[in-house]
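What follows is each chain in one-letter form.
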Amino acid sequence: MNVKYMYSLLAVIVLFLLAYLGVEAAGLRMLFGIVIPYVAVGVFLLGVIYRVMGWARSAVPFQIPSTCGQQKSLPWIKPNKIDNPFTPGAVVVRMFLEVCCFRSLFRNTRNAIKEGKLIFEWEIWLWVAALAFHYAFLTVIIRHMRLFTNPVPVCIQMVEKLDSFFRFEILTNTMQVGLPGFYLSGLILLAAVTFLLLRRMMIPQVRYISQAADYFPLFLIFGIAFTGILMRYFTKVDIVAAKELAMGLVSFHPAIPARAIGGVFYVHLFFVCTLLAYFPFSKLMHMGGIFLSPTRNLPGNSRAVRHVNPWNYPVEVHTYEEYEEEFREKMIEAGLPVEKE
Amino acid sequence: MSDFPKPDQLLSNIDRTPPRTDWMDTPVNIRKGMYCYAANPKSVEYTHLPFPHQWNPTDEDWHLPENWKEILHEGFKVRLERFRSFKIFMDICVRCGACADKCHFFIGTGDPKNMPVLRAELLRSVYRNDFTLAGKLLGRVAGARPMTMDVLKELWYYFFQCTECRRCSVFCPYGIDTAEITMMARELFNLIGLNIDWIATPVANCYRTGNHLGIQPHAFKDMLDFFVDDLEEITGIRVEPNFNKKGADILFITPSGDVFADPGTYTCMGYLLLFHYLKEVYGLDVTWSTYASEGGNFGSFTSHEMMKRLNSKMYAEAKRLGVKWILGGECGHMWRVINQYMGTMNGPADFLEDPVSPITGTLFENARSTKMVHISEFTADLIKHGKLNLDPSRNDNLILTFHDSCNPSRGMGMLDEPRYVIQNVANHFYEMPPNTIREQTFCCGSGSGLNAGEDMELRMAGGLPRANAVKYVHEKHGVNMLATICAIDRAALPTLMDYWVPGVGVTGVTEMVANALILPGEGERTTNLRGEPLPGMEDE
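Residue numbers (our numbering), protein chains in the order written: chain A, 1 to 341; chain B, 1 to 540.
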């Protein structure tokens, strides 16, 4: 057993018990429904700002893009405008593809030495899973905005429609999937998280580099998706009460709804709060960091446009005069021109 | 070298199975053949770098200053403030593992600490301990560990097993660049005098004499004069290079390695012939400098400050001589420095003119601020305008492939210019597989100051992916010559080829240009610059 994922799994189980028992046994609905969500959002916002400001405070002394294609040089040589951007506009395109399409990850290959030969394979699954995970999560977040808006904006309704276009119904006494509409995003999120978790646990190299901090968010997000699906299709959360609570929170008139919403809902909410509060102090900040990564967000035009280093200080150099002073006689003898005969 | 493994042995030693113990509990084993010797204190002293002292990597005691942990902590802190890259790269890695098998040292050794992600984690663990809340509160659970002597040794060993090639940064979804992290780690080692000799001594030489090899001005001229004699024998023409000439059109700077050792010397002879041709036919006046007689910059493997101190000579000399602009020879990391650092560090070069080729009228717009042009850009432009009289059949004995050097590829993007030149001066050219060229090229295994003799096993292991791709085209197309535009490549690849792919030589691009170049008034050439018979002249 690997202690790193055991710690993380344990942490998530403890969180589950805290919220479930806190609400069901101790009745701490105010705490889990109002206080913690406000604290979590506060920590998230302030934390993210603090971290991004921290990065922004550090200087960018040199222009060091990783150039992943032909430079712009002679007019008849075709430059790779995206992977070796020359203008700020081209950098925006590169960044867009990086942030929205995970372009660098798309290049991923896998290799192995077989019979003395290094064999390459295109390795697409990490890219697929990462993309599926992030977009499914985004869709889920947008969908949840219906709980925080009244009336629900058309664009959110459209996302919901799209998300549930795939008709899929299982109707039995214990399980009623498909009524209400079945959301693909939830399933994809759960599947992608599972893939990413298994990948981390199964591939020896990836397991070797993984920290507890890698497993914890995955378990937590698994928990979020799982409790969400559980509420929607199985335990049937009281959606009207949930919305009442959410609207109270966003309008700053928080109140615990009179109708009980159920322990699973509070677990779900507590998981989300944990994720929000954890976010700024973790690797999840890659979301902000990618925008500031100097190997991606700078143009490859440092020979054409001078980049200025804010702390460029004078250094000790060995001048030509010092050089000639040492070697003058030898230079004259060899017929090399000198400044002072 | 007696216990040095044979190729098949080295190959079968590669085992990618990670150890049973966690990486934090797997102690470092500083193994012979895998590390470079400690710097001679005199070299460190000469350049006034911190804490010159005698030490040996395999000794228990590295004779560090008493407050070494404090020095490292402070040094770390300062660099986090000075380099956003460093701070971001310490913070945002998600350990997805996409970089893991992209490193030539990992492929060649199977050592998990050569996975770029884990190499960085070695340092990140200390960062978390010293600078993050989670690390301070949770310690090891948060992946943090305090700096200890064992940790320092591990860092030193593995950050001198990185050639700063940037291949991992191409695949990283956040662009995390191990080269950047390695540069910071080496700056930190430098603060407590833990330099390697193969870097520190060239740096001291370069500082004093203008070049890494410590060639003094008169000897530098002598060496080029030898080439002049050889060229006269081969072509019947005596070329007359200028040295330190005030008022010349262009200052030419190239790595001193090409003045010193085969096969780089042939590239150097190539420059001499090309410049002679341009002078005779077009009146272009090029000068060499003995003061700025080094294009390479081992200072960049020491610290940003040392990089700047050595690089300063280029502009200083161009200003003193009053040239219009600077032309740079074939070199890898030299061009990373010129392309991404020089203008910022030692510019603005407002005393130079816009780089215009007086022969073709082409303005090298991409170099209009730094005012330094690459010889391949310059030559490609000449060829495109039909300004060179070439006979590519003189290179018909060569079946070529091109090795993209790390820095011109991933720190510049110069991919098609040298290919254009090669295809105009030679007739048989084949590319290596796409995963191993252009921005995905593999390092020679000896870059960033690791091309010493004592770390040969490391170099041969690191060069395996490159050699393997050469072997592929060697077997498929009969490739017998590996062309490159890097002086470290020319120094390192012949050994690598002999080890993995015997029968493949190494050449600079300008050497082939000079072989194909028909000089006005030259006699019938029977040999190439290496003194080997030209195709069809074998019986002469």
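Each hint should be verified, as a subset may be incorrect.
Using 30 Å as the maximum straight-line C-alpha spacing, the simulated DSBU-like pairs for lysine-lysine come out as follows [what the hints assert, rightly or not]:
| id | chain 1 | residue 1 | chain 2 | residue 2 |
| --- | --- | --- | --- | --- |
| 1 | B | Lys136 | A | Lys340 |
| 2 | A | Lys330 | B | Lys384 |
| 3 | A | Lys340 | B | Lys279 |
| 4 | B | Lys387 | A | Lys78 |
| 5 | A | Lys330 | B | Lys245 |
| 6 | A | Lys340 | B | Lys245 |
| 7 | B | Lys384 | A | Lys78 |
| 8 | B | Lys387 | A | Lys340 |
| 9 | A | Lys330 | B | Lys319 |
| 10 | B | Lys384 | A | Lys81 |
| 11 | A | Lys283 | B | Lys136 |
Some chain A residues close to chain B (C-beta under 10 Å, calculated; not the full set) [said to hold, decoys possible]:
| id | residue |
| --- | --- |
| 12 | Ile64 |
| 13 | Gly248 |
| 14 | Val308 |
No wet-lab data here; the hints were simulated from the structure.
Just so you know, even glycine gets a beta-carbon here, dropped at the ideal spot from N, CA and C.
Exercise. Which of the numbered hints are not met once you compare them with the structure shown?
Worked result: 1, 2, 8 and 13
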